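J.: If you read the sequences in order, they're chains R and G.
Residue numbering for the first sequence follows full-length UniProt numbering, starting at 1 and increasing by one per position.
Residue numbering for the second sequence follows full-length UniProt numbering, starting at 1 and increasing by one per position.
These are calculated hints, taken from the structure and not from any lab test.
In this text, all values refer to a predicted model and were calculated from it rather than measured experimentally.
Where hints are given, some of them may not hold.
Copies of the same chain look alike in the list, so a pair counts if it fits in one copy or across any two.
Straight-line C-alpha distance at most 30 Å; calculated DSSO-like pairs for lysine-lysine [claimed, not checked]:
1) Lys25 <-> Lys247
2) Lys94 <-> Lys481
3) Lys256 <-> Lys481
4) Lys247 <-> Lys156
5) Lys347 <-> Lys58
6) Lys299 <-> Lys104
7) Lys458 <-> Lys290
8) Lys104 <-> Lys94
9) Lys247 <-> Lys95
10) Lys7 <-> Lys481
11) Lys247 <-> Lys58
2 protein chains.
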Amino acid sequence: MVRLTAKLMDIDYPGLMLNREDARKIGVIDGGRVQVINEETGVFASACVTTTETILEKGTFGIFYKTNERLMAREGSVLEVRIASRPLSLDYIKKKMDGGKFSKEETNAIVNDIVNDVLSPSEMGAYITSSYINGLDMDEVEHLTRAMVATGDQLKFTSHPIVDKHSIGGVPGNKISFLVVPIIAAAGLKIPKTSSRAITGAGGTADLMEVLAPVSFSASEVQKMTEKVGGTIVWGGATNIAPADDKIIIYEYPFKIDARGQMLASVMAKKFAVGADLVVIDIPVGQHAKVTTPEEGRKLAREFIELGERLGIKVECALTYGESPIGHAIGVNLEVREALWVLEGAKEPNSLIQKSTSIAGIALEMSGKAQAGGGLQAASDILASGKALEKMREIIEVQGGDPKVMSEDILPGQFYHIVKAPESGYVVEMNNHALITIARAAGAPHDRGAGIYIHKKKGHRVEKGDPIFMIYADRSWRLEKAVETARQLMPMIVEGMLIDRVPSSYWRGTPE
Amino acid sequence: MVRLTAKLMDIDYPGLMLNREDARKIGVIDGGRVQVINEETGVFASACVTTTETILEKGTFGIFYKTNERLMAREGSVLEVRIASRPLSLDYIKKKMDGGKFSKEETNAIVNDIVNDVLSPSEMGAYITSSYINGLDMDEVEHLTRAMVATGDQLKFTSHPIVDKHSIGGVPGNKISFLVVPIIAAAGLKIPKTSSRAITGAGGTADLMEVLAPVSFSASEVQKMTEKVGGTIVWGGATNIAPADDKIIIYEYPFKIDARGQMLASVMAKKFAVGADLVVIDIPVGQHAKVTTPEEGRKLAREFIELGERLGIKVECALTYGESPIGHAIGVNLEVREALWVLEGAKEPNSLIQKSTSIAGIALEMSGKAQAGGGLQAASDILASGKALEKMREIIEVQGGDPKVMSEDILPGQFYHIVKAPESGYVVEMNNHALITIARAAGAPHDRGAGIYIHKKKGHRVEKGDPIFMIYADRSWRLEKAVETARQLMPMIVEGMLIDRVPSSYWRGTPE
Numbered sequence: 001m002v003r004l005t006a007k008l009m010d011i012d013y014p015g016l017m018l019n020r021e022d023a024r025k026i027g028v029i030d031g032g033r034v035q036v037i038n039e040e041t042g043v044f045a046s047a048c049v050t051t052t053e054t055i056l057e058k059g060t061f062g063i064f065y066k067t068n069e070r071l072m073a074r075e076g077s078v079l080e081v082r083i084a085s086r087p088l089s090l091d092y093i094k095k096k097m098d099g100g101k102f103s104k105e106e107t108n109a110i111v112n113d114i115v116n117d118v119l120s121p122s123e124m125g126a127y128i129t130s131s132y133i134n135g136l137d138m139d140e141v142e143h144l145t146r147a148m149v150a151t152g153d154q155l156k157f158t159s160h161p162i163v164d165k166h167s168i169g170g171v172p173g174n175k176i177s178f179l180v181v182p183i184i185a186a187a188g189l190k191i192p193k194t195s196s197r198a199i200t201g202a203g204g205t206a207d208l209m210e211v212l213a214p215v216s217f218s219a220s221e222v223q224k225m226t227e228k229v230g231g232t233i234v235w236g237g238a239t240n241i242a243p244a245d246d247k248i249i250i251y252e253y254p255f256k257i258d259a260r261g262q263m264l265a266s267v268m269a270k271k272f273a274v275g276a277d278l279v280v281i282d283i284p285v286g287q288h289a290k291v292t293t294p295e296e297g298r299k300l301a302r303e304f305i306e307l308g309e310r311l312g313i314k315v316e317c318a319l320t321y322g323e324s325p326i327g328h329a330i331g332v333n334l335e336v337r338e339a340l341w342v343l344e345g346a347k348e349p350n351s352l353i354q355k356s357t358s359i360a361g362i363a364l365e366m367s368g369k370a371q372a373g374g375g376l377q378a379a380s381d382i383l384a385s386g387k388a389l390e391k392m393r394e395i396i397e398v399q400g401g402d403p404k405v406m407s408e409d410i411l412p413g414q415f416y417h418i419v420k421a422p423e424s425g426y427v428v429e430m431n432n433h434a435l436i437t438i439a440r441a442a443g444a445p446h447d448r449g450a451g452i453y454i455h456k457k458k459g460h461r462v463e464k465g466d467p468i469f470m471i472y473a474d475r476s477w478r479l480e481k482a483v484e485t486a487r488q489l490m491p492m493i494v495e496g497m498l499i500d501r502v503p504s505s506y507w508r509g510t511p512e
Numbered sequence: 001m002v003r004l005t006a007k008l009m010d011i012d013y014p015g016l017m018l019n020r021e022d023a024r025k026i027g028v029i030d031g032g033r034v035q036v037i038n039e040e041t042g043v044f045a046s047a048c049v050t051t052t053e054t055i056l057e058k059g060t061f062g063i064f065y066k067t068n069e070r071l072m073a074r075e076g077s078v079l080e081v082r083i084a085s086r087p088l089s090l091d092y093i094k095k096k097m098d099g100g101k102f103s104k105e106e107t108n109a110i111v112n113d114i115v116n117d118v119l120s121p122s123e124m125g126a127y128i129t130s131s132y133i134n135g136l137d138m139d140e141v142e143h144l145t146r147a148m149v150a151t152g153d154q155l156k157f158t159s160h161p162i163v164d165k166h167s168i169g170g171v172p173g174n175k176i177s178f179l180v181v182p183i184i185a186a187a188g189l190k191i192p193k194t195s196s197r198a199i200t201g202a203g204g205t206a207d208l209m210e211v212l213a214p215v216s217f218s219a220s221e222v223q224k225m226t227e228k229v230g231g232t233i234v235w236g237g238a239t240n241i242a243p244a245d246d247k248i249i250i251y252e253y254p255f256k257i258d259a260r261g262q263m264l265a266s267v268m269a270k271k272f273a274v275g276a277d278l279v280v281i282d283i284p285v286g287q288h289a290k291v292t293t294p295e296e297g298r299k300l301a302r303e304f305i306e307l308g309e310r311l312g313i314k315v316e317c318a319l320t321y322g323e324s325p326i327g328h329a330i331g332v333n334l335e336v337r338e339a340l341w342v343l344e345g346a347k348e349p350n351s352l353i354q355k356s357t358s359i360a361g362i363a364l365e366m367s368g369k370a371q372a373g374g375g376l377q378a379a380s381d382i383l384a385s386g387k388a389l390e391k392m393r394e395i396i397e398v399q400g401g402d403p404k405v406m407s408e409d410i411l412p413g414q415f416y417h418i419v420k421a422p423e424s425g426y427v428v429e430m431n432n433h434a435l436i437t438i439a440r441a442a443g444a445p446h447d448r449g450a451g452i453y454i455h456k457k458k459g460h461r462v463e464k465g466d467p468i469f470m471i472y473a474d475r476s477w478r479l480e481k482a483v484e485t486a487r488q489l490m491p492m493i494v495e496g497m498l499i500d501r502v503p504s505s506y507w508r509g510t511p512e
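The following block holds chain R by itself, in its conformation from the complex (with noise of 0.2 Å):
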């Protein structure tokens, strides 16, 4: 039996380090996995291996930070290190690797793995990489989506429908959230929207939101919120919802893969563990998107409505146009104050409006709300109504924002850049990718005023030097990188001549 000297180490991730000497006594190699006994909790942990030679004394071994937040062992302490039995996770994903099927009970044991930090970052690639190759059936993504919820924190609302969208994405300046979340919400239905921050993206809306009011609540919390004035826009991430999602995504992100049982899982864990009875799911078809053309939309639609049916949620699918960003801006401050605008009474833009309530007024329909073909002017005339706004304000306060914010007090960045026609034409190419890239260059999200606002979108008729879009920043050099970027990338084309640099000039105000 090795007992070893316990030596708490200020690592944000989970694992163990062992002296070689120590490690070879037990029996463990580089990135093995061991269990430590820590009596006076009774619990034990399974974490990664490292050793070293020189960093930690013989008979002692280092516990980091995640791995101890469940160990909860004391400096100093003398604990039991032992070999840890081989997860039978890695058979299961070895099965997967040989093109078999994950059984109900293997994929629960896989999410218990992957909750709980048994599997290692590799064992995470080979889960995820035969998944994605050998793929999943709607069995095993029921099942997958059933472990996700089972493993996290669930709503328990005592009165129904309950309502929840969502965006597959791909698109840029998608926040319709801002809109139909208040019109739901403002039409009796309670909808607790959880969200997620930009991974690859220039803006989530969760990031938008903070710009609003706080985001990150408990489960529970969000549950209250929704009872109390209808609905939410918090962060998906501080809820521990589906927790075992956020730990397979950031592993699918490198190879920019959304394997489809994956991502089916993924988006119905999170409606599911709310408690959701009706969803509508937005998915943007555009050369650009993540859905290219619509025959995959309407495939992958049809996967969404099964896998709700043996959910027992009702879902509804709306192809959507995605070969441009929706509305005109893209980036945290440009989206929040163009989202308020139209709450705020604006008639533009069109392509916002018109995304939000017919994606509204499907949710309308589906609740009865709305008749059969009434619930886009049904949305419509909520948000006319002003009564959007009204319920986006008690959503903010509720959250603990202040109510009283107009789109006037959200500012973009000081520093920008205006790009102009080279000729007379009409645009006839937008790259969502190279839009995004460019805001991203620029700051967003992280800088909240970075972003792109677009002046003519694609059809539109531009004349020689009209701005076609601008690009702002908060920090000089960021513009810098985000124009020179733009100049690389060409997002947009102009009859097909391509967009020259023009001399750019910085100074402060408004482009309206």
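Given chain R's structure and the hints, the job is docking chain G onto it.
T.: Just chain G, lined up with the frame of chain R:
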């Protein structure tokens, strides 16, 4: 431009740590990659990032030990930290996920990124999994082999031929290198043998050799020693020969996969890097070995031969009997003692002598030191003459060990347990995996005295009460654990009767 103050952190692997706020400013997420520009040395480091809100002060960042080996930053220096461009390797791995083929340049890029710790563990997991599932064809295997060689040290001998051998593994007790290497060197050939430590086994050749002499040398030291005495038995892990391979294997281990393409490249890269002209590959075939059927063995042999042709190496393969352990001993000291017995003139165990002289004989024929069909006899003559023992002593001495060591100096563990036949009959089954598991439970390979000595092998007649095998250990609690493991696994079966536990007795002595 974000400049942060360096804090060197005693973490023995590659990595950096950022304060969450700084990470957002730089635009990098958990697990993302940043570059650090060290102006003093001009180098940069790409590494995975983890962020923390509490541990690192804003404006400071942590550099882990392995990363600083390359970066060479000083504590407290202020360095620019920027988001790293996405490694192109990730696109190539994604291509393999989607069923594509790696080009030569893509393979080179991946192997370079592996060696320089640019790929994170999860990305390594994705690499090995996609290569395993979608396979590598012979072009890809050749490119991988060459890239592994090019990213490490190589031996350049001025006189030839250079001989090498490799055993695919999976058979316990396979200590044949201790006979093959000195026989070949005693014949006047050069054999710079690098070998591995046990990962899943009871003792790798490097673990065994370490009982007799140091095994950690640089590539140039291996070359010098080989030039001096004709052969070496060293640990490959210390040489920086094909270092990518060690970084790949570690991620295959949890899934017990040994992807064909990866394995071919792994073996042949080491042979190519030591400058081998003639290579004998031992492919054990047996129910519990890595290769389970002769057909599979022949297919693998053809692939080794083809890869050899592409690399300009003459390869011959021997399909060997892999149903039972080689010799009687499993575990470090027990195996070394058994090998020395044979070198010192013992006529037993036949399985060890026959296999070693057969493999050595093939190399003698390939090199022209023996005529076709005369290799086995030539090798047996060298062994019987005492020249192999003499050569082994030279090898031990050149590596810094005591050349006067005798088999009787090498003792098994002081604690042991005898498993006796519960009935008279024939041994009808032996399970290699179970034997290794028991030896490891007893403490092998860390505890050198731990292991198993088999008295009766498959097909042998036993009378009730005869010892079938013995378990040795250096520590009593290890012995207890191994005995318990043996009871569960039942590694040997006498005529369909399960072997039961026999009251154990602990005393000191040798079983011979």
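J.: With 30 Å as the alpha-carbon cut-off, assign the pair Lys25 and Lys247 to within, between, both or neither.
T.: between (32 Å within a copy, 22 Å between copies)
J.: Up to 30 Å between alpha-carbons, please classify Lys256 paired with Lys481: within, between, both or neither.
T.: within (24 Å within a copy, 47 Å between copies)
J.: Given a CA cutoff of 30 Å, do Lys247 and Lys156 count as a within-copy pair, a between-copy pair, both, or neither?
T.: within (24 Å within a copy, 47 Å between copies)
J.: If the cut is 30 Å between Cα atoms, do Lys347 and Lys58 qualify within a copy, between copies, both or neither?
T.: Classified as neither: same-chain Cα gap 71 Å, cross-chain 44 Å, threshold 30 Å.
J.: For Lys458 and Lys290, with the copy left unspecified, which applies at a CA distance of at most 30 Å: within, between, both, or neither?
T.: Within one copy only: 19 Å inside, 60 Å across.
J.: Quick one: Lys299 to Lys104, C-alpha cut-off 30 Å, is that within a copy, between copies, both, or neither?
T.: within (24 Å within a copy, 37 Å between copies)
J.: When no copy is named, should Lys7 and Lys481 be tagged within, between, both, or neither for a Cα gap of at most 30 Å?
T.: between (44 Å within a copy, 28 Å between copies)
J.: With identical chains treated as interchangeable, where does the CA-CA distance between Lys247 and Lys95 reach 30 Å or less: within a copy, between copies, both, or neither?
T.: This pair counts as both: shortest intra-copy Cα distance 21 Å, inter-copy 23 Å.
J.: State whether the alpha carbon distance between Lys104 and Lys94 is at most 30 Å within one copy, between copies, both, or neither.
T.: Both. Shortest intra-copy (16 Å) and inter-copy (28 Å) distances satisfy the 30 Å Cα cut-off.
J.: Given identical chains, is Lys94 near Lys481, meaning Cα to Cα at most 30 Å, within a copy, between copies, both, or neither?
T.: between (45 Å within a copy, 28 Å between copies)
J.: Checking an output row: Lys247 and Lys58, CA cutoff 30 Å. Within, between, both or neither?
T.: For Lys247 and Lys58, only the inter-copy Cα distance (25 Å) is at most 30 Å; the intra-copy one is 33 Å.
When the structure is compared with the earlier hints, a violation turns up for hint 5 alone.
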